[in-house]
Amino acid sequence: MELTQTSASDLAAKLAGREVSSREVVDAHLDRIAATDGVVAEGDVWSARPAADEGGDDIRAYLAVTATSARQQADEVDARRVAGEELGPLAGVPLALKDVLTMRGAPTTCGSRMLEGWDPPYDATVTAALREAGVVVLGKTNMDEFAMGSSTENSAFGDTRNPWDLDRVPGGSSGGSAAAVAGGLAPLAIGTDTGGSIRQPAALCGVVGAKPTYGTVSRYGLVAFASSLDQAGPFARDVADAAALQALIQGHDPRDSTSVPREAPDLQATLRDGVQGMRIGVVRELQGEGYEPGVEAVFAQALDRLASMGAEIVEVSLPHAPYGLPAYYLIAPSEASSNLARFDGVRYGLRVDAPTAEEMNAATRAAGFGPEVKRRIMIGTHALSSGYFDAYYLQASKVRTLIARDFADAYGQVDALVSPTSPTVAFGLGDKADDPLAMYLNDVATVPASLAGTPAMSVPAGLAPAPDAPDRQLPVGLQIMAPLSRDDVMYRVAWAFEQETGFVPSPTGPRALAATTQEVAR
Amino acid sequence: MSLSEDEVRHVARLARLAVTDAEVETLAPQLSQILGYAEQVGEVAADEVPATTHPFALKDVTRKDERRPSLSRDELLAGAPQVEEDRFSVPRIVAEEG
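From first to last, the protein sequence lines stand for chains W and S. For what it's worth, my numbering labels the leading residue of the first sequence as 364, then goes sequentially. For what it's worth, my numbering labels the leading residue of the second sequence as 759, then goes sequentially.
No lab work stands behind these hints: they were computed from the structure. One thing to keep in mind: the hints can contain errors.
Between beta-carbon pairs, the in silico distance windows are [as the list claims (entries may be wrong)]:
| id | chain 1 | residue 1 | chain 2 | residue 2 | range |
| --- | --- | --- | --- | --- | --- |
| 1 | S | Gln798 | W | Gly775 | 24 to 30 Å |
| 2 | S | Asp823 | W | Gly451 | 31 to 37 Å |
| 3 | W | Gln664 | S | Arg771 | 20 to 26 Å |
| 4 | S | Leu834 | W | Glu365 | 51 to 57 Å |
| 5 | W | Asp629 | S | Ser762 | 54 to 60 Å |
| 6 | S | Asp823 | W | Gln664 | 56 to 62 Å |
| 7 | S | Val841 | W | His615 | 44 to 50 Å |
| 8 | S | Gln798 | W | Glu365 | 33 to 39 Å |
| 9 | W | Arg494 | S | Asp823 | 26 to 32 Å |
| 10 | S | Glu797 | W | Ser680 | 19 to 25 Å |
Quick reminder that beta carbons are idealized off the backbone N, C-alpha and C, glycines included.
Model the full structure from these sequences, guided by the hints.
In C-alpha cells, the structure reads:
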C-alpha cells in the first residue's frame, strides 16, 4: 500500500520493524503535498500559493510546509532507532498541525492577515509533546480565521477543498487538518474544537476526529478564540490512531490554568472491549428538522449496527439542547471579543500607522481581521456591554449550566450518547458564505457537548447523496458523546462501531487517490 | 432586537474597529439577525440557576513565586511591528502639557 494511504499504526509498525525509514515516509508525504496541495515547494518552509491562484484542482490543506525541519527530524528519529534507542509508539510518523497552535521555526497565522509573518517565540505544549514523542510535523494547516467558521472559507489565505469533491468545503474550522488526513497529505493531524471545529470537518471529510474533555489537552500556545470552550484534539484515519494521538498530547499542564489537575483517562485499556451490554442514548433533540434525509438514513443504520453488536439503544432527552446554539453564539463571541483585544498593533503582527493610539488600534484591526471575525467581535462586544450583559452573556452562561445538567441526567441512564455529527454532508464552496446564520446552523449537533465540556467525537458512518447532486456520495459522521473525563468510553464505542461499519476513507475527488510520485528536489 | 447603524458604530468604537459606511450598512442587518436568533436564550427560566464558566469547579490556580527561565526580551520584541530602545513603540497616548 502507498505510504500516504496507510494508517499511523501501520506506519509505526513498519517503522519499528525497520521496513521503512521515517525519512522515506516523510518524503512520500512531501512529494504528494508538492503534487496535490497547491504549495510553492521551495526553500525550508514551503508556502501556500496566494489565494488569487484559487480555482485549480489542489486540496490546499497546508498554509506552510516545514519541509526541511521535517526531513531533519525524520533523520534524527531514524538515527535514534538505528542506535537502538527506545522510541515512543508514534515516533517517526508525520502529522499536520492546525495553524492556531504555535511552533518554533514556522509562522503561526491563525488564517489571519493580522498574524501574517509572525514567528512565535515558543512551542505550544501540544507541539512540544509531539516533538518529544518523535512525531514529525509536516506543516501548518489552513483554518477559518481565528477558528471562527464551519467551512474554512473564512481563511485570509484562500479556501481548502474537500478531497471527496474539490468543489465542496471540507468543513471547519479545522478544515485543513481534516482535508490533509482524508487526502493522503498526513496520516494524523491536530485540530481544535470550540463548537465543533474538529468533529464537523471530520464528518464532512470522512475521517475520525475527537474533542477531548475540556481541560484534558493543554491550551498553552493555542491562540485563544473562546477560552472556556477551546480544546485541541486528534484527527486520524481510524479510531485506534486517534486514541494513540490523544494519549500523546493529553495530561495536566501547569502552564494552562484551566488544565484539569488529574490523571487523564487511559484510552487503550478498554478500547477493544466492545459495546455488548452498554446502554447508548439517542438524543431526541439532535435529529429531525434541519437534518438531511441522507444523513438521517445513515444515522438510523448506525443505530442498527450498534444494536446488532449488543448495545441497548434508548431514546433520551436533553431538553435544553435546542438552546445550545443560541447560547453558544453569545458565549463564544463574547470570549472572542475579549481574547482578540490583544491584537492591537503593538506586540505582534500587523500595524497600520495612525496619529493616535486609538486610531492606530482601530485601523490595524480593520485591516487585519476578516468579515466573520469582525462580526463575532461586534456581537461579543455588544453582548458584554453595559445594559446587555445580564440578558445576553449571563443568561447564556446559565443556559449552559442547564445543558450541562441535562447531560449529567442523561448519563445517569446511559453510558454514551449518539447523534449525527453534522446535519448536512459537505456543501458547495460559497453556498453559505453570504449567510452567517445558515453557516452557524452547521454546529447545531456539536455545540451542546462543547458547552458541557464533555468529550465527543465523529466517526465515519457511511455515505449519503448530496442534496444538490444526488449521484455524488459524500461522507456522514456519527457523533459519539460520553460523560466528563470518560474519553475512554467514547473511544470504546467508536472503535466497536468502526469494526462493524468497516468504513475505509477513500475520497473520490480527482486528486484524492491519484497516486502521485512527482519528484521534488530534496 | 435590531441594531441601528448608530448602534453598530458605537459597538465598533468600543471594539476598536474602524468601520466604513458600507460595512455599517451590511453589519446592521446581519448583527440584528444573529442577535435575534441568540435572544432565544431569554425563553429559558434560569433566574435561580448559577452561571457556568468552566465545566470543572477549578479554584484560582497559582504557582510558587520563584525565579525560573522565561523568554528573552529580544525574542519577544522580535515579533512586534515597531520597537524603539528595546521597548514596544506606540503613538503618543497622553497629550503633552501645554
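Against the structure, the hints:
1. S:Gln798 - W:Gly775: 24 to 30 Å: At 27 Å between Cβs, range holds.
2. S:Asp823 - W:Gly451: 31 to 37 Å: About 35 Å separates the Cβ atoms of Asp823 of chain S and Gly451 of chain W, which means 31 to 37 Å holds.
3. W:Gln664 - S:Arg771: 20 to 26 Å: 53 Å, violated
4. S:Leu834 - W:Glu365: 51 to 57 Å: Distance hint for Leu834 of chain S, Glu365 of chain W is violated at roughly 44 Å.
5. W:Asp629 - S:Ser762: 54 to 60 Å: 56 Å, holds
6. S:Asp823 - W:Gln664: 56 to 62 Å: 59 Å, holds
7. S:Val841 - W:His615: 44 to 50 Å: 36 Å, violated
8. S:Gln798 - W:Glu365: 33 to 39 Å: 49 Å, violated
9. W:Arg494 - S:Asp823: 26 to 32 Å: 30 Å, holds
10. S:Glu797 - W:Ser680: 19 to 25 Å: About 24 Å separates the Cβ atoms of Glu797 of chain S and Ser680 of chain W, which means 19 to 25 Å holds.
The earlier numbered hints that this structure contradicts are 3, 4, 7 and 8.
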